[in-house]
Amino acid sequence: MTKFTIILMLIFSNMIFGNKIDKLNTTKEVIEFVKTVHPEYGIVRYKDFKYGIFDIESIDSIYNQLKCKGIFKIDEIKNWQKIDVNNDGLTDLIFISHFYGYTQNVIIDEGNNGFKLIRNIVKFDECEYIKPIKVQDKNELRIRKVNLPFDFDDNIEKYTKIDTLTYKYDSFIELNDKVIIDNKIKNIEVKTDYCFGTCPVFKLTINKNGLAEFDGIEFTKFKGKSIKQLNQKSVDEIFNMLNYIEVIKLNDYYEVNSTDAPTVTLDIFFENGTVKKIKDYGLSGTYGLTALYSKLTKLGTETEWK
12 MTKFTIILML
22 IFSNMIFGNK
32 IDKLNTTKEV
42 IEFVKTVHPE
52 YGIVRYKDFK
62 YGIFDIESID
72 SIYNQLKCKG
82 IFKIDEIKNW
92 QKIDVNNDGL
102 TDLIFISHFY
112 GYTQNVIIDE
122 GNNGFKLIRN
132 IVKFDECEYI
142 KPIKVQDKNE
152 LRIRKVNLPF
162 DFDDNIEKYT
172 KIDTLTYKYD
182 SFIELNDKVI
192 IDNKIKNIEV
202 KTDYCFGTCP
212 VFKLTINKNG
222 LAEFDGIEFT
232 KFKGKSIKQL
242 NQKSVDEIFN
252 MLNYIEVIKL
262 NDYYEVNSTD
272 APTVTLDIFF
282 ENGTVKKIKD
292 YGLSGTYGLT
302 ALYSKLTKLG
312 TETEWK
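For the working numbering, add 11 to where a residue sits in the sequence shown, where the first one is 1.
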């Protein structure tokens, strides 16, 4: 087989498999495509229980469910749209779905017929919303985020924040368009706590050279203490991410207004001897922190500790 033939086959393969999102033209087609990416959405447990049947409703129906119609105009709402949201040349999909409540989601085309579902908004009916915008000729996401504490009052707007998200470190995190400062992080320590369910409970310490100490406590594949040298590329990504999200400037405490949620305690130790401590009940202080917790949890629960 000649090199030219192989190139033609690769081009033809991309034409067939690489543009599934581009070919979507109707809501019905979008629904069926989403179910192939996330098969759980295709499971109907109770036929007479519409609340638990995955659907992408009409714009009118979605708009009528909003609790604060005065904030959005109906022409601002799109039940689904195609856009290259991470600026890699491949078309991605943003959609509002109903599955035990309204959520706003993104499917990223990762190439080679691979797709990744990201659930960005879980309180859409409470007027959280994302929409694509242009920032210096790049596609980003503008988000209206509502963070209600336990003791919130009726003035919801004071708990609302408008921000811009960018796709970086395999997640949507707050855009930082400033010069990134190296804060000289020495090591980090993350501790997770129990929730109502099977949340993994562990303690993980990682230094800048990749040496990690793990203590698996509950709902982890490995229980007990272990020391291991981690992949330096993965460690560098986490430390660079901490600088990008400007962890030193974040709040010391975050919470959600629900019960039985998990808690993460994060300690960042700097070379100058200072320590940044963050306690996050609900794991949703910022999008950057949520992405960080996900990476640290993956390291803690999927690494082959011995």
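Hints are computed from structural coordinates only; laboratory data are not their basis.
Hints are supplied without guarantee of correctness; some may be wrong.
Straight-line Cα separation of at most 20 Å, SDA-like style, residue types lysine to any residue; simulated pairs [said to hold, decoys possible]:
{"#": "1", "residue 1": "K202", "residue 2": "D174"}
{"#": "2", "residue 1": "K179", "residue 2": "Q243"}
{"#": "3", "residue 1": "K232", "residue 2": "V212"}
{"#": "4", "residue 1": "K234", "residue 2": "E224"}
{"#": "5", "residue 1": "K134", "residue 2": "V157"}
{"#": "6", "residue 1": "K219", "residue 2": "E282"}
{"#": "7", "residue 1": "K197", "residue 2": "N218"}
{"#": "8", "residue 1": "K134", "residue 2": "G100"}
{"#": "9", "residue 1": "K172", "residue 2": "D188"}
{"#": "10", "residue 1": "K61", "residue 2": "K127"}
{"#": "11", "residue 1": "K179", "residue 2": "E282"}
{"#": "12", "residue 1": "K127", "residue 2": "Q243"}
{"#": "13", "residue 1": "K179", "residue 2": "V190"}
{"#": "14", "residue 1": "K195", "residue 2": "F126"}
{"#": "15", "residue 1": "K31", "residue 2": "T47"}
{"#": "16", "residue 1": "K93", "residue 2": "K169"}
{"#": "17", "residue 1": "K179", "residue 2": "G100"}
{"#": "18", "residue 1": "K34", "residue 2": "Y111"}
{"#": "19", "residue 1": "K39", "residue 2": "K156"}
{"#": "20", "residue 1": "K156", "residue 2": "S295"}
{"#": "21", "residue 1": "K145", "residue 2": "K156"}
{"#": "22", "residue 1": "K236", "residue 2": "E248"}
{"#": "23", "residue 1": "K290", "residue 2": "D188"}
{"#": "24", "residue 1": "K134", "residue 2": "N187"}
{"#": "25", "residue 1": "K309", "residue 2": "K156"}
{"#": "26", "residue 1": "K244", "residue 2": "S295"}
{"#": "27", "residue 1": "K306", "residue 2": "K169"}
{"#": "28", "residue 1": "K219", "residue 2": "K287"}
{"#": "29", "residue 1": "K46", "residue 2": "Y57"}
Quick rundown of the hints versus the structure:
Straight-line distance between C-alpha atoms of K202 and D174 comes to about 28 Å, which puts the hinted pair past the 20 Å bound. With a C-alpha separation of about 19 Å, the suggested pair K179 and Q243 falls inside the 20 Å cut-off, and the hint holds. Of the pairs offered as hints, the one joining K232 and V212 holds, with about 11 Å between alpha carbons and a cut-off of 20 Å not exceeded. In summary, the hint linking K234 to E224 is supported, as the alpha carbons are separated by about 12 Å, within the 20 Å threshold.
With a C-alpha separation of about 8 Å, the suggested pair K134 and V157 falls inside the 20 Å cut-off, and the hint holds. Pair hint K219 plus E282 holds up; C-alpha atoms about 10 Å apart against a cutoff of 20 Å. Only pairs whose Cα atoms come within 20 Å are accepted, and K197 paired with N218 is accepted, the gap being roughly 6 Å. With a C-alpha separation of about 30 Å, the suggested pair K134 and G100 falls outside the 20 Å cut-off, and the hint is violated.
Between K172 and D188, the direct Cα distance comes to roughly 18 Å. Compliance with the 20 Å bound is thereby established for this hinted pair. Distance hint between K61 and K127 is unfulfilled; the C-alpha atoms sit about 26 Å from each other, more than 20 Å. For the given pair, K179 sits about 26 Å from E282 by alpha-carbon distance, which is inconsistent with the 20 Å threshold. Our distance criterion of 20 Å between C-alpha atoms is broken by K127 and Q243, whose separation comes to about 25 Å.
This hinted pair checks out: K179 and V190 have alpha carbons roughly 16 Å apart, not beyond 20 Å. Our distance criterion of 20 Å between C-alpha atoms is broken by K195 and F126, whose separation comes to about 35 Å. A distance of roughly 11 Å separates the Cα atoms of K31 and T47; the hinted pair therefore holds under the 20 Å criterion. Only pairs whose Cα atoms come within 20 Å are accepted, and K93 paired with K169 is rejected, the gap being roughly 32 Å.
Straight-line distance between C-alpha atoms of K179 and G100 comes to about 15 Å, which keeps the hinted pair within the 20 Å bound. Restraint check: the Cα-Cα separation between K34 and Y111 comes to about 28 Å, which exceeds 20 Å; the hinted pair is violated. At roughly 29 Å between alpha-carbon atoms, K39 and K156 are farther apart than 20 Å, so this suggested pair is violated. Restraint check: the Cα-Cα separation between K156 and S295 comes to about 11 Å, which is no more than 20 Å; the hinted pair holds.
For the proposed pair K145 and K156, the alpha carbon gap of about 19 Å is at most 20 Å, so the pair holds. Restraint check for K236 and E248: the C-alpha separation of about 24 Å exceeds 20 Å, so the hint is violated. Proposed proximity of K290 and D188 is contradicted: the alpha carbons are some 26 Å apart, above 20 Å. As the CA atoms of K134 and N187 are separated by approximately 24 Å, the hinted pair breaks the 20 Å bound.
The suggested pairing of K309 with K156 is violated, with an alpha-carbon distance near 26 Å, which exceeds 20 Å. Proposed proximity of K244 and S295 is contradicted: the alpha carbons are some 25 Å apart, above 20 Å. With a CA separation close to 31 Å, the supplied pair K306 and K169 exceeds the 20 Å bound. A C-alpha spacing of about 16 Å is found between K219 and K287, which places the hinted pair at or below 20 Å, so the restraint holds.
Proximity of K46 to Y57 is assessed by CA-CA distance (about 17 Å); at most 20 Å being required, the pair is judged to hold.
Of the numbered hints stated above, those contradicted by the structure are hints 1, 8, 10, 11, 12, 14, 16, 18, 19, 22, 23, 24, 25, 26 and 27, listed in ascending order.
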